[in-house]
Amino acid sequence: MAIVASERKHSEHFNSAEHEFVSSKQGMWLFLLQEVLFFAGLFVAYGIFRALNPEMFHAASQMLDVKMGALNTVVLICSSLTMAFAVRSAQTNQTKKTTMYLIVTFLLASVFLVVKYFEYSHKFHVGLLPGQYFTNTELTDPKSGLFFSLYFMMTGVHGLHIILGMLVILWLVRRSSRNEFGSNYYTPVELFGLYWHFVDLIWIYLFPLLYLID
Amino acid sequence: MSSEHHGDVNYLNHEKGLKSWLTTVDHKRIGMMYLFTVLFMFLIGGIFALLVRLELFSTGPTIIDMNTYNQYFTYHGTIMVFMVVIPLIPAAIGNFVLPIMLGAKDVAFPRLNLATYYIYLVGVLVACTTLFLNGVDTGWTFYTPYSIRTSTSTTLVILGAFILGFSGIFTALNFIVSIHKLRAPGLTWDRLPLFVWASYATSIVQMLATPVLAITLFLLIFERLTGIGIFDPKLGGDPVMFQHFFWFYSHPAVYIMALPAMGIVSEVIPVHSQKPIFGYKAIAMATFGIALVAFIVWGHHMFVSGQSELANFVFSLLTMFVAVPTGVKVFSWIGTMYKGSIRFNAPMLYAMAFLFIFTIGGLTGIFLATVATNVHLTDTYFVVAHFHYVMVGGTLMGFMAGFHHWFPKMFGRMYNESAALVSGFLVFVGFNVTFFPQFILGAQGMPRRYYDYLPEFEALNRVSTVGSMMIGLGFVFSAIYLFKAMKSGPKASANPWNGKSLEWETTSPPHPHNFHDQPVVTHGPYDFIEQGE
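Chains C and F, in that order, are what the protein sequence lines are. Under the working numbering, the letters of the first sequence match residues 1322 to 1535, in that order. Under the working numbering, the letters of the second sequence match residues 4 to 536, in that order.
In isolation and in its complexed conformation, chain C is listed as follows (with noise of 0.2 Å):
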């Protein structure tokens, strides 16, 4: 049932739609505030890691491809930007940007997910691998794969992070297509903003704190 923009009520336990909509990313905010400490469990655990062993960190951190981890900042600051100019069309009623702008901030997704697959999948190769099945030679460090344990885990919760917020840019899409976002209602772009900025804030960490140990 899609309702055009132009067209929609507020719920009606809210008294306007500014009401819902103030509500709404407040609730959003809160959502963002438990996504922060639920990676400040990864954070913390490498932090004191890392703690007890600089020298490993160190060694282990420059088996990771630094171009291909800067590669992917650039293209997830990009797709922010892109995100930032959908939530702006369509609360300026220009649709078909919105639209447009979503499908790329998509793409640009894809490509994150695409550089991600072949790093892991040259990591998998020569053994670079979590815990127990770490089997690569170079590292001499019998704890070495505690950092691929914790470059696995952080990197894979925030790439799932990535993939759940592409099925809900497709939701966009979907709806955006059918003239559902507008100048007086364009809170799941907003929203869903809010939380792309959050995943992209996140790499910006991991990236140095990963790739960048010197």
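Everything labelled a hint here was simulated from the structure, so no lab data went into it. No experiment lies behind these values; they were computed from the predicted model shown. Ideal placement from N, C-alpha and C gives every residue a C-beta, glycine not left out. Fair warning: there could be bad hints in the mix.
What the hints assert, rightly or not - Below, a list of computed lysine-lysine pairs in the DSBU-like style, where the Cα atoms sit at most 30 Å apart: (1) C:K1464 / F:K284; (2) F:K19 / F:K494; (3) C:K1330 / C:K1417; (4) C:K1418 / C:K1346; (5) F:K284 / F:K184; (6) F:K237 / F:K284; (7) F:K184 / C:K1330; (8) C:K1346 / C:K1417; (9) F:K184 / F:K503; (10) F:K237 / C:K1444; (11) C:K1346 / F:K184; (12) C:K1418 / C:K1330; (13) C:K1330 / F:K503; (14) C:K1330 / F:K22; (15) F:K490 / F:K19; (16) F:K22 / F:K342; (17) F:K342 / F:K503; (18) C:K1388 / C:K1464.
Stated by the list, open to error - Covered, in the sense of this in silico footprint (three residues per stretch, anywhere, with C-beta under 8 Å from a C-beta of chain C), are these stretches of chain F: (19) 103-109; (20) 213-220; (21) 503-512.
Chain C is fixed; fit chain F onto it per the hints.
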């Protein structure tokens, strides 16, 4: 639920059929679905508790073998903590009462609210399928490295707890936004009922602590499936880090359980004493004091896990601070009753049981917060008795007080007061008979979770088992008269207790939209006229 007059439309009868319930977005119906599901899990968890107590009736094997025993106490703990005590008050009573107290038509995100119920249900089903597989024997704490190596179906139980966490997070999110955005005109922050304050603080703790448990359990699942080694000493990982992460959630979780119960007591005592609450602001602020301290005391669970002495000292000191806001509350409640016109009914009986039991639980907490005595008491029955005094005495007594208090509102009917008093008395006495001997057993050195014990502990264990049967009997009684009251109790008026908060201004049971017209609040929630004035 029988009468169908047109002026009598309420949330229970305005739609019929199973589908109208399963797809409802009405917070009251969702609250009811939670209530019955959680109480069903309470029955399951309770049966496991009774079986554990029966096994401990005599030394040596009594009714079950050792491995089964390990599984039974694990299921008792896991079900009671994750599926009963944490969601009981917020998800069941909170969902029903909170939006009405705010004068709102619903929670901020009704569909998300329904989704949390199904997330809860999926979590329960995932964890409980293991009953028909290989079971689980880690204890509810899932300590590594044993939880990595055990061949039981631990992965599914951990996954279940992981899923259940999200149900709590989304309920908390919904409550916070509802409290911020959906208050009726005139319902300023200093007119909020204290149950709302308590729900607000609980929700904040739940939002901040649960995700940490989620990532911990997520890592533990991968630890079991792929051997990532983060918590596994064999692979260079750190099992104590698991304990830190686990208690960073699970200590605040104690306040997720206790704060809503304190909120209920803060409603029940003034209404049934017909007297304004003593120290409204002090109680509200103490609620946040407890929520804050909750996050900085987790290390007191790990005094013997190899923490540094400095950490032990700091955690011990910080833990003592919990007593301050808790003391403020207890004195405020007693101050409220002082010279009030106290009704001795079931809500009040349970509220006073709360005061009595929770205070003992809190005071024995100080024994455990002191490092020197803690080393002796760690992993003994003293700890078991302490946390049952806090969790059962706190949450369950609070819940029973609230359930009886709002029962007329929920079902539009009155329960039988004398039956309620008898079973409430049975539960209260049974509780103390069960758990008080465990303090003595623990101080004498009986370890927790053991299948067997020395012959000199047998007498007190028998007392404890008899007590547990009394609790069981008390709750079976309660179930009987409450079900009877739901079907055929006398009709309740809109405000049978002469309460002053908003939920008493609507019909019993409430209209599907809670109020016929938008309520406007002109007075505080405890503006009772004092006798003799």
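30 Å Cα cutoff - pair K1330 (chain C), K22 (chain F): holds, 26 Å
Restraint status (C-alpha distance of K1346 (chain C) to K1417 (chain C) at most 30 Å): holds, 24 Å
Given coverage of the segment 503-512 of chain F by chain C, checked by CB-CB distance under 8 Å (3 or more): Our answer is that it is violated, as 0 residues pass the Cβ test (under 8 Å) against chain C, missing three.
Holds or violated: K184 (chain F) to K503 (chain F), with C-alpha atoms at most 30 Å apart: Between K184 (chain F) and K503 (chain F) the Cα gap is close to 22 Å, so the pair holds against 30 Å.
Given hint K19 (chain F) paired with K490 (chain F) - CA-CA distance at most 30 Å: holds, 16 Å
Satisfaction of hint between K1444 (chain C) and K237 (chain F), Cα-Cα up to 30 Å: This hinted pair holds, its Cα atoms lying about 23 Å apart.
Proposed proximity, K1417 (chain C) with K1330 (chain C) (alpha carbon, max 30 Å): holds, 22 Å
Given hint K1346 (chain C) paired with K1418 (chain C) - CA-CA distance at most 30 Å: Judged against 30 Å, a Cα distance of about 23 Å means the pair holds.
Straight-line alpha-carbon gap K1418 (chain C) to K1330 (chain C), limit 30 Å: holds, 24 Å
Annotated coverage of the segment 213-220 of chain F by chain C, confirmed only when three residues or more have a Cβ within 8 Å: It holds: at least three residues are needed, and the segment 213-220 of chain F offers 6 whose Cβ sits within less than 8 Å of chain C.
Pair hint outcome, K1388 (chain C) versus K1464 (chain C) [Cα-Cα no greater than 30 Å]: holds, 25 Å
Distance restraint between K237 (chain F) and K284 (chain F), which requires alpha-carbon spacing of 30 Å or less: violated, 52 Å
Hint violations for this structure: numbers 1, 6, 13, 16, 21, all remaining hints satisfied.
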